Amino acid sequence: MAGKPIEGEKRAFMTGNEVVAWAAVAADVDIMYGYPITPQNEIMHYWTRMAPKYGREFLQTEDEISAGFTTIGGVLAGRRSFTATAGPGNTLMQEAMSMAEMMRIPIVQVVTQRGGPSTATVIYSQQEVTMTCFGGNGEGARIVYSTSTHQELFDYTIKAFNIAWKYRFPTFVLGDGYQSKMRESLTIYDPESRGIKMVPTEPYMGNEGLPGTDRDPHHLRNTYNTEDELYGVVTDIMKNWEKVAPEVAEYQEYDVEGADVLIVAHGVVTRAVQGALKQLKEEGKNVGHFRPITLRPIAEDQLRKRAEKAKVVLVVESSYGQLKKLITDAIYGLSTPIKTFLKPGEGITAEEVVEEVNKLL
Amino acid sequence: MSVAPQMPKCWRLETKVHKFCPGCGHGLVLKALGEAIDELDIQGKTVFGCDIGCSLLAWDFFNIDSVQTHHGRTTPVITGVKRANPELIGIAYMGDGGGYAIGSQHLVNAASRNEKITVVLVNNTNYGMTGGQMAPTTLPGQKTETSPYGRDVDSTGNPTQGPEMVAAITPESAYVARGTVSNVRQLKKFLKRALENQISGNGFSFVEALSGCPTNWRTNAAETWKFIEEAMPQYFKIGELKVPGDKKEG
Ligand SMILES: Cc1ncc(C[n+]2csc(CCOP(=O)(O)OP(=O)(O)O)c2C)c(N)n1
Ligand code: SF4
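Protein chains in written order, with full-length UniProt numbering: chain A, 1 to 361; chain B, 1 to 250.
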């Protein structure tokens with residue numbers, strides 16, 4: 001068997017899907033379960049090329065329903081397991097994610113968003129925000145990282161496994177087709193070389209000892225007999241989730257101090273906003289940018305603090321208000337007006353953002 | 001004089017009396033399964049998965065690590081466990097609705113891939129848990145809540161022949177059988193062989209168990225048994241359909 005997938009650090013120039021596969025091997029992931037759908041296919045392609053060299057496994061399932069549930073099985077067996085999908089596959093996987101949420105199963109799902117509710121375009125979109133944050137029957141007790149660069153894809157894929165196993169909530173890395181397919185330079189590394197310790201995994205089933213004699217059997221279920229029982233379980237999960245939320249929430253701010261216009265954007269759109277910011281600053285405009293890295297939970301307090309002082313909040317996204325819903329909810333009660341620049345399924349350029357901001361000033 | 005009932009060692013006594021309706025076949029299948037597990041001495045390394053449907057009532061039935069999952073998804077959950085830890089013995093336990101309707105794609109593909117798991121499917125010719133609707137296995141002319149005038153095969157098709165289908169799509173190393181709660185000794189033997197086939201790493205193993213649902217069939221004890229023993233085997237032939245390197249019992 002080969003040694004470590006990555007020794008120390010290495011500069012690399014690769015596609016986003018390749019980055020995810022490298023991050024997963026570097027993070028000591030044991031097994032991937034997957035089903036082909038564009039634009040995430042190459043995650044599986046790279047994984048199936050690398051995994052056997054490091055004693056890791058892969059199963060191509062019959063569909064995404066199965067990929068979601070086999071991934072749950074992998075976690076139940078105590079292995080670091082993940083899956084990746086997009087669009088209609090994400091829809092099918094939500095059934096398994098509902099179960100993972102309810103049973104606190106640390107499953108990791110990489111989503112490479114693609115356009116539309118159907119089998120529409122396969123590249124540009126942020127239209128899987130609502131589904132990834134709240135899909136399925138349940139309350140949305142899940143952690144969603146929205147990445148914007150290849151470096152982040154690498155960093156947050158590794159982090160997703162640790163956060164999932166630490167807090168035992170299903171964890172998502174939300175990318176998109178653009179990130180999947182474009183090439184970019186980044187540093188890949190062995191997590192240990194940066195002092196990142198992988199959170200140890202443990203089985204939910206098949207533990208040591210004879211159940212009933214040496215220990216109690218583990219009886220996992222997601223069906224409850226009475227409303228009271230369900231109420232108790234869900235309340236407990238959500239209390240826990242709310243406690244964890246402030247520890248998990250991540251964000252970035254650019255020039256927010258004294259900003260009149262506060263632009264809110266996530267994922268790949270953040271890059272256009274940062275480009276716009278540079279230009280607007282040169283023109284002497286008071287514009288700042290707040291970027292939620294976790295969409296669920298969102299860094300509510302920090303966002304409110306900034307939004308409160310701004311004259312206007314401008315939400316920029318490649319969907320028809322899916323981020324806006326999260327922002328409206330997070331800053332409910334403030335009098336700052338919310339404006340939007342929405343381009344579902346299309347890319348957004350820095351020039352367009354500049355133009356939108358100038359309309360507001 | 002009273003005689004204590006004989007229960008398999010791997011049953012969890014704290015959860016007995018079990019929760020199935022009086023006269024339900026699930027209890028008998030689980031008894032045969034429990035005895036097979038005892039005889040093979042695999043309680044410590046077995047994992048048990050059950051479906052939505054009346055099989056879910058078995059979520060805490062055994063002193064065995066168990067998981068109850070979504071309707072039709074027991075096969076992929078146990079597949080996922082087994083793929084991640086091949087040392088374990090994985091049992092997926094479900095109804096005919098879970099296995100032949102909503103979860104049929106999983107059954108077909110797990111069988112085609114020759115997953116090293118054991119699937120036990122309880123055929124009671126209806127959807128028990130949801131109140132007795134038509135199932136893929138409902139017999140021609142049989143009345144259910146959604147076939148109140150009797151199943152019309154012209155518009156709804158014929159009863160699913162599950163083991164026959166699984167036998168047709170699995171390789172030689174698979175084990176396939178159909179037993180019945182009216183012959184528990186034989187059913188236990190089939191279950192044992194199915195588990196042995198998994199233990200030896202051979203391949204997929206599948207046992208359908210003909211079973212009764214007196215509550216939804218609205219039958220008394222005598223009529224329930226009559227239906228199980230006379231009506232069901234006319235369509236669902238009892239016996240072994242596939243035995244790797246061995247003689248079948250017909
Ligand atoms: C996705 C989904 N659809 C429908 C249901 C409702 N449902 C619960 S149990 C069941 C039928 C179970 O029948 P079967 O699998 O034959 O098992 P039995 O109850 O007869 O043992 C159905 C349709 C569900 N829980 N989930
Ligand atoms: S409804 Fe039918 S299958 Fe379900 S427990 Fe009652 S008798 Fe058994």
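Hints may contain errors.
Claimed, not checked - Mimicking DSBU-like on lysine-lysine, the simulated pairs with C-alpha atoms at most 35 Å apart in a straight line are:
1) K45(B) <-> K4(A)
2) K359(A) <-> K311(A)
3) K226(B) <-> K166(A)
4) K325(A) <-> K309(A)
Said to hold, decoys possible - Stretch by stretch, here's where chain A covers chain B in the computed footprint (C-beta under 8 Å, at least three residues):
5) 100–114
6) 125–135
7) 143–157
8) 165–179
9) 223–230
What the hints assert, rightly or not - If you anchor each label on the Cβ, the simulated ranges turn out as follows:
10) I169(B) <-> G209(A): 55 to 61 Å
11) E139(A) <-> T130(B): 23 to 29 Å
12) G3(A) <-> Q105(B): 37 to 43 Å
13) T130(B) <-> K53(A): 33 to 39 Å
14) E172(B) <-> G8(A): 35 to 41 Å
15) M182(A) <-> K45(B): 44 to 50 Å
16) G239(B) <-> M182(A): 57 to 63 Å
17) Y235(B) <-> G209(A): 40 to 46 Å
18) C21(B) <-> G209(A): 29 to 35 Å
Hints listed in this document are in silico derivations from the structure and should not be mistaken for laboratory results.
Note that the structure is predicted; figures quoted are calculated from it, not measured.
Using N, Cα and C, we set each Cβ at its ideal position, and we do this for glycine too.
Inset, instruction - Against the earlier hints, flag every one the structure doesn't satisfy and list their numbers going up. - result: Violated hints (numbers, rising): 3, 6, 7, 8, 9, 10, 13, 14; every other hint is consistent with the structure.
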